[in-house]
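The primary structure of each chain is shown beneath.
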Amino acid sequence: MSANNLTAVTGKKGKSYAAQKRAGLIASYIFLTVLSIIWLLPILWVVLTSFRVEPGSFTAAFFPQPYSWVEGTTKYTQTYTFQNYIDLFTPRDGFDFGKMWVNTLIVAAISCVISTLFAVATAYVMSRMRFKMRKPFMNIALIMGMFPGFMSMIAIYFILKSVGIEKTLLALILVYSGASGLGFQVVKGFFDTVPKALDEAAMIDGANKATVFFKIILPMSKPIIVYQALTAFMGPWMDFIFARFLMGTNYDTYTVAIGLYDMLDKTRIYEYFRQFAAGSVCVAVPIIILFMSLQKYYVEGVTGGAVKG
Amino acid sequence: MSKKNLDEKIEIPDDLITKLSYVVFGLGNIVHGQIAKGIAFLAIEVAYILFMIVGGFQNLINLVTLGTVQTGWVEVPGKIMPEYRLGDNSMLFLLFGVLTVMITVGVVWTGYCSHKSAKNLQLLIKNGKKVPSLMDDIKLLLDQRFHITLLFLPICGILVFSVLPLIYMICIAFTNYDRDHQVPGNLFDWVGLSNFGSMLGGDSRMTTTFFGVLVWTLIWAFFATFSNYFLGIIVALVINQKGIKFKKLWRSILVLTIAMPQFISLLVMRSFFSNYGVINRGLINLGIIPSINDTIPFFSNPTLARIVIIVVNMWIGIPYTMLMSSGILMNIPQDLYEAATVDGANAVQMFFKITLPQIIFTTTPYLITSFVGNINNFNVIFLLTAGGPSTSEYYSAGKTDLLVTWLYKLTKEKMDYSLASTIGILIFIISATMSLITYTRSKSYKEEDAFQ
Amino acid sequence: MKRRILALSLAAAMVVGALASCTAKTEEVSSVVETRDVKLTLWGSEQDQAFLKEVAAAWATQYAADNADVASATVDVQIKGEDVATTDALNDIEAAADVFGVANDQLAQLTAANAIYQMPDSVVSDIKAIVGDSFLGSTMCDGNYYGFPYAPNTAEILFYNKEFYTDDEAKNLNTMLEKDLGGVTNLAVDIDDQSWNSMTWFATAGAELYTGGDKTVNTMNKPEVTAMLTWLQQQIQAKKIVDIDSADNAAAMLKDKAVGAIFYGAWNKAAFQEALGDNYGVADLPSVTVDGACNNQHLVCFGGNKMLVLNATTKEPEAALSLAQAIISEENQLKRFQMVQQTPTAPALATNADIAADPGVAAEVAQGGYTLTNQPLNGTAGYWDLEKAVVSDLYKGNITADQIQGKLDEMVAAMQANVGA
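Residue numbers (my numbering), protein chains in the order written: chain A, 1 to 309; chain B, 310 to 761; chain C, 762 to 1182.
I should point out that these hints are in silico values taken from the structure, not numbers from a laboratory. Where hints are given, some of them may not hold.
To be verified - Pairs of lysine-lysine residues, derived as DSSO-like cross-links and limited to a Cα-Cα distance of at most 27 angstroms, are as follows:
1. A:K99 to C:K923
2. C:K889 to B:K388
3. B:K718 to A:K296
4. A:K296 to B:K435
5. B:K435 to B:K328
6. B:K551 to B:K718
7. B:K718 to C:K1076
8. B:K388 to C:K1018
9. C:K923 to C:K800
Only a predicted model underlies this, so the values are computations on that prediction, with no experimental measurement involved.
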């Protein structure tokens, strides 16, 4: 707006400035278009593969034509189909995608609630309370996450086994959310930006710390809570190592990541790659919807929190 | 709070009850009228003693010996198959030994608290003050000591799911748990520092591998972090500049990739770049590459493979940094720019004087965490190249293996658990030192109260 | 304070319970029982599920009928491919299936962990009667026998496009490579993906690797191997041979007519058949003449078998044994071929008309006569990487012809260090 006003006022000099600006904008649009193509192409490829008739992970053409001519005949054959989705959701031996999807949703939802609570509680304490062990705890938490996680798999498996819950969804929920108190940094960064004067005012009015936390801080922290919840919610959809390790052959508790990853086994990929793509779309769609609808909060959360750590 | 501090400052000698509270938990509380609290203290001690009798003490002995009874077979008369007699399981002995030690530390700490509480009561009574009731304690937990209430569950989770496995893994590095000493058929034992010895010089190929992989890990972490960071900022700048329409659309397109599970997009990328993948085949079809023998070795040439990995990582990482810096850009006060415009600054000057310093200032902590995250970035390497291309210089590692993927291979394929733990500890030391130094020196750590 | 204490004691109580339950795990089950229910689990690959279920169900009925003390028998068949069964079983052997299939090269890991049953002599002679000496030999580790081989695991056979090669031409590699296919690369082989495919070049030159389970036997650096690899590198540089970097690429290469033929594992034959359609040709590997290496030698590939092993921690060793025996019986191997086109291990079935008529299976059976047995030795897992690294460097030209011998010597030294010989 202000640039336009400026142009109008400054006349001739403004004209060349405007032209320059126009060229810059055009370059930017070209840049963004190229970028979008690069970012969309692989995704588009997955989506098209999920509708493909031809098996295998490769096809002769990057994007198969909707119809192709059958050699030696006068027939055209369809190259796109819904069959992959139908096959995907048809339960077969040890593979019930619908169930996996529901399992993942349950695990994701519950562990997202727990880990958000843990992270928010820890972050509040680190941001607002002052006690002896605070700095040591913060330093320890920072470095704890640096030990390669999968190495602890076997230990965690046997801990869970000793209480007899090793192949259950509960185990997965605990694994995904148990140590989430360590991931408080981003949330703490957000709380740090909330002025302390608010707390103090409330305390003068007789509120205790619990009231301040529940009545003042939490309601103001929607963006960071959304950010934290969204991050935690995505985890179970993507983890294929831990889930596979914990679940063994208990198919009833498989999550989508296990099911999808198993399709990529070298002896199966030829037959199952299209279903893999279809499954990927089914995983991505809910996350995309969530992301798009909560993008505003996510951006606010990530900038309020991540930047201050 | 200040009253309590005052009480503690007065030095008085422990009376008998207070001294005994070290041994009999909660004695002070019970004697001085805090019955419920005292009983709770006592219950912990009783539970601990029971636990030690039932198996805890045995667990501690097991931790030292790591098992003595070898698994074996016993012939059964009249049956074809012998019977399997499961012996001691060194791994479980180690795990539960560590757990018992942790519980013991916890109980000792409870003893310390019991004494402290008794001492406190002794002081209060001496000064003629009222002994706090149960309700008072609960109120305190919602106010001055609210942190204890809030942290209790998260810390329990951290202890069980993070600290315990961590200590267990560190212990493994000091044992000979490897493919020749696998549980449950075999026992393993403590070996001291010998694993560190072979990693850092004892075994020449191992040392070559370790340092080769380490150097690449650091190079990778550097480029992966900064390429994403700066390109993300540039993309955000382009999108957020004045006059660009459909800002939300451009952002959303990039954000789509965040929602796609990484193992899916990475595997798709892998097939794109493989020797006879979509890209090479496209180039052949276009006649740019004459034949299948001349394909671009995206993943089989070490240097090219490393570049491809970093480029693919941009595809994954730029959307995150773009989102973040978009937020920062939107938060930079507009009057700064307006003032600068009045002073005759051009766009380039404004970028370097206002925008960039603001972004860099606010994102330093993010850079640290992201650098460390990249040192341990398992998915990208594992799913794209699985560490390849292989080379005869290295022990069981390829040219693009990071320490963390090498470690995974050692556990999964070679069952070299103890070596893997050793590497894990070394990675840990490297990244922990680096980040603690940078973190504790960063402005946001030193001046964290200044923001409030 | 109160809340913390309560929760702590609760946690302590829980831990006491948990630890008590896991320290006191030595109950005996030796009381004389009248009848019992036998419950077994069986792991097999996905494609074998239908077959395994059918056989297991038949076995269960029979087993309950044959044994007075067994009230009922049930088998739970679960999907766990031979490639991952060993790793998963070793993570927690007590949670693994009673009977599971593995590739024979993983045997050493399992025996080192004392995780599977050794076969008593009487059972060994039964197995030998069905599968013969050669297959029995590949189930041996440290002088003992461990399993029931049900499928050959031949590294590679030849797939070719009949448009480019006649059946006769496909019998000689020199002929194949000399033929000008008009811009089409003559042959694709796996160099950099699964290392045991490239063992072919070593084995054909007569290299021996741990023959008979002897850790000291390793002639992977003999002069004939050097000559063979030099020749291989010349063929690569002359653009006659190209690398396959994944199974899927292999099928695509054939389909696009980018290559005339490939050496690849028989397990992917369905994809190749679909890619080539009417021009699908499959055979055992051809013969080759290489100066200083071999003279009209049938290419020898690496091979082993897939076999069933019995979990050491099984509650029902006798029943598990009986189930495994049922699965590899000649009759059931024929059924397996009919149901999933699995090449059998019983030599008696090689002459079966149906089996001989299946070109893919026939090729695998023929190649079975030219294999170097992959010996299960603890520590051998390292040789894959070492061998692959050398061949891969050779392919990329990182090793020149005059460096080959030196690299091979280094490789052998490292291999021997790995197995501790």
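To see whether the hints hold, each was checked on the structure:
Taken as a hint, the K99 of chain A and K923 of chain C pair is broken in the structure, with Cα atoms around 46 angstroms apart against an allowance of 27 angstroms. The straight-line distance between the Cα atoms of K889 of chain C and K388 of chain B is roughly 21 angstroms, inside the 27 angstroms bound, and the hint therefore holds. Restraint check: the Cα-Cα separation between K718 of chain B and K296 of chain A comes to about 41 angstroms, which exceeds 27 angstroms; the hinted pair is violated. A hinted pair counts as satisfied when its Cα atoms are at most 27 angstroms apart, and K296 of chain A with K435 of chain B does not qualify at roughly 59 angstroms.
Between K435 of chain B and K328 of chain B the CA atoms are separated by roughly 16 angstroms; this keeps the pair inside 27 angstroms, and the hint holds. Taking the CA atoms of K551 of chain B and K718 of chain B, the gap is near 50 angstroms; set against the 27 angstroms cutoff, the hint is violated. For the suggested pair K718 of chain B and K1076 of chain C, the alpha carbons sit about 33 angstroms apart, so the restraint of at most 27 angstroms is broken. Under the criterion of a C-alpha separation no larger than 27 angstroms, the hint pairing K388 of chain B with K1018 of chain C is inconsistent with the structure, at around 59 angstroms.
The suggested pairing of K923 of chain C with K800 of chain C is violated, with an alpha-carbon distance near 51 angstroms, which exceeds 27 angstroms.
Taken one by one, the earlier hints fail for this structure at numbers 1, 3, 4, 6, 7, 8, 9, listed in ascending order.
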